Amino acid sequence: MTDNVMTRCAGSNQSLRFAPETYRRPSPVRLREFFSEDAISLQLQSTTKDAVLKELVGLLKLDEKADAMLFKMLKRRETLGSTGIGQSIAIPHCRSLVVNRLRVAFGRKLEGIDFKAIDDRPVHYFFLIVAPPLEVSNQYLPVLGKIAQFAKEADVPDRLAKLNAPQEFLQLLEEKNI
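Numbering (my numbering), first residue to last: 1 to 178.
If you're looking for bench data, these hints aren't it; they were derived computationally from the structure.
Just to be clear, a hint being listed does not mean it is correct.
[Stated by the list, open to error] Straight-line distance between alpha carbons at most 20 Å, and here's what the computed SDA-like set of lysine to any residue pairs gives:
(1) Lys65 - Arg101
(2) Lys152 - Leu110
(3) Lys162 - Gly145
(4) Lys54 - Leu97
[What the hints assert, rightly or not] Across the chosen pairs, the derived CB separations fall in these ranges:
(5) Gln149 - Asp50: 40 to 50 Å
(6) Gln149 - Arg121: 28 to 38 Å
(7) Ala161 - Lys116: 33 to 43 Å
(8) Asp63 - Arg159: 14 to 24 Å
(9) Asp158 - Glu37: 30 to 40 Å
(10) Asn138 - Lys162: 15 to 25 Å
(11) Thr47 - Leu134: 30 to 40 Å
(12) Gly81 - Ala51: 14 to 24 Å
(13) Glu37 - Asn100: 30 to 40 Å
(14) Ile118 - Thr47: 19 to 29 Å
(15) Ala154 - Glu64: 38 to 48 Å
None of the values given here were measured: they were computed from a predicted structure.
No residue lacks a Cβ here, since even glycine has one placed at the ideal position from N, Cα and C.
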């Protein structure tokens, strides 16, 4: 294995060889690539966990049937454990056939919502992630991880509170280069 990247096939003694010039590492995920202004709400109107989930789904601009199915999937995911990760942040996420590519949305509720977060504090910032079950680009988990990394930075919650326009949210993502 001198000049080749070599991978052993599971359950086999055979190896796959890739010439170094043909092997390319996946490009790093940048959150800014996935968000658009129309999927950002800095003034969520909802006052309950379920209503927030519905409002976030609405930001994806799907049809009514898809919205209902997606809401049901997110509710089911929340029964496994809250996606409220603490520090006023929640990352509701699921895989669903109603989307054909990874979709994300961001919502803010300055008053906060009881989202059953792990730190028992109200949630103010919501990052929705939805991906198809068989996502070829395999970006679901990297995006989930990047959002968690971004949200846990010490200055981010305070800066999210001060946003005045969706463009400022996108600029923050650019600035953080996550």
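Do the hints match the structure? See the list:
| no. | hint | result |
| --- | --- | --- |
| 1 | Lys65 - Arg101 | holds, 18 Å |
| 2 | Lys152 - Leu110 | holds, 18 Å |
| 3 | Lys162 - Gly145 | violated, 24 Å |
| 4 | Lys54 - Leu97 | holds, 17 Å |
| 5 | Gln149 - Asp50: 40 to 50 Å | violated, 28 Å |
| 6 | Gln149 - Arg121: 28 to 38 Å | violated, 20 Å |
| 7 | Ala161 - Lys116: 33 to 43 Å | violated, 21 Å |
| 8 | Asp63 - Arg159: 14 to 24 Å | violated, 34 Å |
| 9 | Asp158 - Glu37: 30 to 40 Å | violated, 22 Å |
| 10 | Asn138 - Lys162: 15 to 25 Å | violated, 34 Å |
| 11 | Thr47 - Leu134: 30 to 40 Å | holds, 36 Å |
| 12 | Gly81 - Ala51: 14 to 24 Å | holds, 20 Å |
| 13 | Glu37 - Asn100: 30 to 40 Å | violated, 21 Å |
| 14 | Ile118 - Thr47: 19 to 29 Å | holds, 21 Å |
| 15 | Ala154 - Glu64: 38 to 48 Å | holds, 40 Å |
Of the numbered hints stated above, those contradicted by the structure are hints 3, 5, 6, 7, 8, 9, 10 and 13, listed in ascending order.
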